[in-house]
Amino acid sequence: MLKLNGYLRILKRSNEGAPYLATVTAAATSNHTVLVASRDHVTGSYKAVLLDGAAPLDKLEGDVFELSELFDHLTSGDIVRLSPASGAIRVLYRRNSPSNTVLLTERCDHYCLMCSQPPKTPNDDWLLAEAFELIQLIPPSAQELIFSGGEPTLYGLRLVELIRHAKKWLPKTALHVLTNGRAFSDIKFAGSYAAVEHPDIMTGIPIYSDDPSHHDYIVQSRGAFNETVQGVLNLKKAGERVEIRIVIHKETLDRLVKTCEFIARNLVIVDHVALMGLEVTGFARYNLDNLWVDPFDYKDILSEAVTLLNNYRIPTSVYNHQLCTVNTDVFGNCKKSISDWKREYLPECVPCTRRDQCGGLFSSGSLYRHSRHIRPLF
Amino acid sequence: MTHELPSTDPSYIELRSRQFLVDESCTVAGELLAAQVRTRHQHLADFTALHIFVVTLRCEHSCHYCQVSRRSQNTLKYDMSHETALDAVDLAFRSPIPNIKIEFQGGEPLLNFPLLESIVLESEERNKVVGKNLAFVIATNLAMIDDRILDFCRSHSILLSTSLDGPRDLHNANRPRPGHNSYELAVDGIRRAREVLGQDRISALMTTTEKSLTRVRDIVDEYVTQGFDRIFLRPLAPYGFALKTKSYQSYNTSRWLEFYREGIDYIIDLNRKGTDFTEFYAQVILRKMLTSEDPRYVDLMSPSGIGLAAVVYNYDGYVYASDEGRMLAESGDFQFRLGRIPDNSYDEIFSSPRLLEPLVESFAYSAPMCNDCAFEPYCGADPVHHWGFHKDYVGRKPESDFCKRNMELCRLLITKMEEDPFAKRLFWKWANRE
Numbered sequence: 001m002l003k004l005n006g007y008l009r010i011l012k013r014s015n016e017g018a019p020y021l022a023t024v025t026a027a028a029t030s031n032h033t034v035l036v037a038s039r040d041h042v043t044g045s046y047k048a049v050l051l052d053g054a055a056p057l058d059k060l061e062g063d064v065f066e067l068s069e070l071f072d073h074l075t076s077g078d079i080v081r082l083s084p085a086s087g088a089i090r091v092l093y094r095r096n097s098p099s100n101t102v103l104l105t106e107r108c109d110h111y112c113l114m115c116s117q118p119p120k121t122p123n124d125d126w127l128l129a130e131a132f133e134l135i136q137l138i139p140p141s142a143q144e145l146i147f148s149g150g151e152p153t154l155y156g157l158r159l160v161e162l163i164r165h166a167k168k169w170l171p172k173t174a175l176h177v178l179t180n181g182r183a184f185s186d187i188k189f190a191g192s193y194a195a196v197e198h199p200d201i202m203t204g205i206p207i208y209s210d211d212p213s214h215h216d217y218i219v220q221s222r223g224a225f226n227e228t229v230q231g232v233l234n235l236k237k238a239g240e241r242v243e244i245r246i247v248i249h250k251e252t253l254d255r256l257v258k259t260c261e262f263i264a265r266n267l268v269i270v271d272h273v274a275l276m277g278l279e280v281t282g283f284a285r286y287n288l289d290n291l292w293v294d295p296f297d298y299k300d301i302l303s304e305a306v307t308l309l310n311n312y313r314i315p316t317s318v319y320n321h322q323l324c325t326v327n328t329d330v331f332g333n334c335k336k337s338i339s340d341w342k343r344e345y346l347p348e349c350v351p352c353t354r355r356d357q358c359g360g361l362f363s364s365g366s367l368y369r370h371s372r373h374i375r376p377l378f
Numbered sequence: 001m002t003h004e005l006p007s008t009d010p011s012y013i014e015l016r017s018r019q020f021l022v023d024e025s026c027t028v029a030g031e032l033l034a035a036q037v038r039t040r041h042q043h044l045a046d047f048t049a050l051h052i053f054v055v056t057l058r059c060e061h062s063c064h065y066c067q068v069s070r071r072s073q074n075t076l077k078y079d080m081s082h083e084t085a086l087d088a089v090d091l092a093f094r095s096p097i098p099n100i101k102i103e104f105q106g107g108e109p110l111l112n113f114p115l116l117e118s119i120v121l122e123s124e125e126r127n128k129v130v131g132k133n134l135a136f137v138i139a140t141n142l143a144m145i146d147d148r149i150l151d152f153c154r155s156h157s158i159l160l161s162t163s164l165d166g167p168r169d170l171h172n173a174n175r176p177r178p179g180h181n182s183y184e185l186a187v188d189g190i191r192r193a194r195e196v197l198g199q200d201r202i203s204a205l206m207t208t209t210e211k212s213l214t215r216v217r218d219i220v221d222e223y224v225t226q227g228f229d230r231i232f233l234r235p236l237a238p239y240g241f242a243l244k245t246k247s248y249q250s251y252n253t254s255r256w257l258e259f260y261r262e263g264i265d266y267i268i269d270l271n272r273k274g275t276d277f278t279e280f281y282a283q284v285i286l287r288k289m290l291t292s293e294d295p296r297y298v299d300l301m302s303p304s305g306i307g308l309a310a311v312v313y314n315y316d317g318y319v320y321a322s323d324e325g326r327m328l329a330e331s332g333d334f335q336f337r338l339g340r341i342p343d344n345s346y347d348e349i350f351s352s353p354r355l356l357e358p359l360v361e362s363f364a365y366s367a368p369m370c371n372d373c374a375f376e377p378y379c380g381a382d383p384v385h386h387w388g389f390h391k392d393y394v395g396r397k398p399e400s401d402f403c404k405r406n407m408e409l410c411r412l413l414i415t416k417m418e419e420d421p422f423a424k425r426l427f428w429k430w431a432n433r434e
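Chains as they are written, first to last, in the working numbering: chain A, 1 to 378; chain B, 1 to 434.
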């Protein structure tokens, strides 16, 4: 697992006050290779230097931090947030990753049993402001950005503005907005969202059960099912691309096939369905014994759900499942979905001939709980 | 009986998730159902998709079951005239639908190939202005096919639909022609057509006769051998000569259902063993059962597909509401003759009481007995069939073999899905395939 946030030792502090964003560039100073963070591409002046060896500090401009081994994965083009006061660093954009997630808020109107990013209540509007700034720093060659939360639509029209901003600065970058979709039950809001006419945007919305009260239970919010389904209908009416996301765990497994049948019968117009293995982090870790089912034990149910969706010609992907834990009939739907920075393999995986096609494990899975049936395929 | 069901009851939950039951947790159900109804009836606004041109009644075959063909050499009497053809093209292009399909039928349409050619060229010429998705199909026995015709089909993207009744002995017994070589000509024609046009540019249709009833496996095997990936196990249409010669009564619906049951079991097993093969009748009903799409199969629509989905321009200029309507006319009943070109205008033909009256009575969900039938959403109305038997558009349902056949088929398909998990998965696939 790559470390994306932490603290660096402060060697020299030149800037006062608030944290700032900066793009990492590699440069040679004196006889040492260092990483320098430049805020201003035009003047080329350095806001900070991340030093990986000894160097005379007085010759370096900006803040100087000691680059610990944990962050030596940083490469030219990455974007970081640096705090001169505390030495805090957070990697916000990794150039070599095909897909980068932008956390817009930690607030949420759902409280899902298995949330990997448990909601917090304080106002964190600054994350949205930072996203506006970040988008201007990200190179237009970036493949995909994921707008995530918390619940991004809590910003209402400000989220729409952010998407418009992304369309203006990164017209070729695909956007994936992860939301519970309830805000789109307001047809006017769905209309404003669609009016941006972003050339490549997908809205990912979870529906955890075909039984409304069970969906409401899983997301811990009464009335959620109604608004979410209405939201999906409204987005499709507005011509938007919609993905349905289902996390598979003990509470969703019993009705998984029926939930997929509900989608096939009522929402066949959706553009993609993602069936996702549980990420053992956040609430999922606390509720693990109530939620965990070994994927190997539900592989036949997964096969039936996937076959149904395939037969209904709904583009379907299976995320976060190791190939050795599923039946071969879903291999074609399995995607390498786990972000590279948190993807791991086990010692059992070393001789596996399918490793290149396998998405591996979440680092949290390798740490806390994973299938008992991880084995090499030959 | 308290007529109460607690909201935690498993049946309550199943009924609610399928919108049979609505409470405050799923107020969106109404919208979901509305979307299904909207999708199912979307095609009504498009109007007539299939335009059947009977370019000649002449045919060198003399099949016992054929309702219409003539072995006459008299080209004037049984061929469509050039003027009639142009008038019919006019009418076809009046349809608001963006996708129109012109199907050439007969007799054997290739016996009037020059007219067929000019209809294709004329339609393409007009389509340069209109810009519809225009498709052509020739329903032919392939006996007359030659390189020139195939070249023409290729350059105009024309599909072929042929007759294949089963293995050689059955096919040739069903479809007599001079030389007793109908099968040989059909099989050779299929091969040549595929070489020139492509594997998927030719389809085949079988007619069930009394001789077929014990041969369903042989028939399916023949289709597999000839490289087809589907078959339509058709009931025999009770019109025209078939009705007159009593060959229709020669076996009843129960016997046909037995034939069908054996066939569907055999086809499911073929798939189980790895051969991808579909039965069309089941596919039509399954699409209604398992999706919100209407398969637009003219004989199983509600409201009926007559005139709305298909229309027939007969060789003599008379316009019929359906192919069965034209066949009924061959036995002297002109109930579904909507008018004649050029004497009648588009408006007169498509608002003729002979079309509107049966249509009004063909909304199955409001027809007596259909409205109580559990299978109504999977079925349709066939006013031509019921008129043929009962001289009534709705017909007497307890005596209707249409009802008996379709209800049994629904039962059969549902039972299969409940009993056989493989069949269930297969049926999902059929319901959604082209």
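Just so you know, the hints here were simulated from the structure itself, not pulled from any lab data. Check the hints yourself; a few may be wrong.
[What the hints assert, rightly or not] In silico DMTMM-like pairs for lysine to aspartate or glutamate, Cα to Cα no more than 25 Å straight-line: (1) Lys258/A to Glu14/B; (2) Lys250/A to Glu14/B; (3) Lys424/B to Asp254/A; (4) Lys429/B to Glu197/A; (5) Lys236/A to Asp46/B; (6) Lys101/B to Asp151/B; (7) Lys168/A to Asp216/A; (8) Lys258/A to Asp23/B; (9) Lys299/A to Asp151/B; (10) Lys236/A to Glu197/A; (11) Lys429/B to Glu130/A; (12) Lys429/B to Asp151/B.
Given the structure is predicted, the values throughout are model-derived calculations rather than measurements.
Structure-based check of each hint:
{"no.": "1", "hint": "Lys258/A to Glu14/B", "verdict": "9 Å, holds"}
{"no.": "2", "hint": "Lys250/A to Glu14/B", "verdict": "19 Å, holds"}
{"no.": "3", "hint": "Lys424/B to Asp254/A", "verdict": "19 Å, holds"}
{"no.": "4", "hint": "Lys429/B to Glu197/A", "verdict": "34 Å, violated"}
{"no.": "5", "hint": "Lys236/A to Asp46/B", "verdict": "22 Å, holds"}
{"no.": "6", "hint": "Lys101/B to Asp151/B", "verdict": "20 Å, holds"}
{"no.": "7", "hint": "Lys168/A to Asp216/A", "verdict": "37 Å, violated"}
{"no.": "8", "hint": "Lys258/A to Asp23/B", "verdict": "19 Å, holds"}
{"no.": "9", "hint": "Lys299/A to Asp151/B", "verdict": "52 Å, violated"}
{"no.": "10", "hint": "Lys236/A to Glu197/A", "verdict": "13 Å, holds"}
{"no.": "11", "hint": "Lys429/B to Glu130/A", "verdict": "48 Å, violated"}
{"no.": "12", "hint": "Lys429/B to Asp151/B", "verdict": "35 Å, violated"}
The structure is inconsistent with the numbered hints 4, 7, 9, 11 and 12, although it conforms to all the rest.
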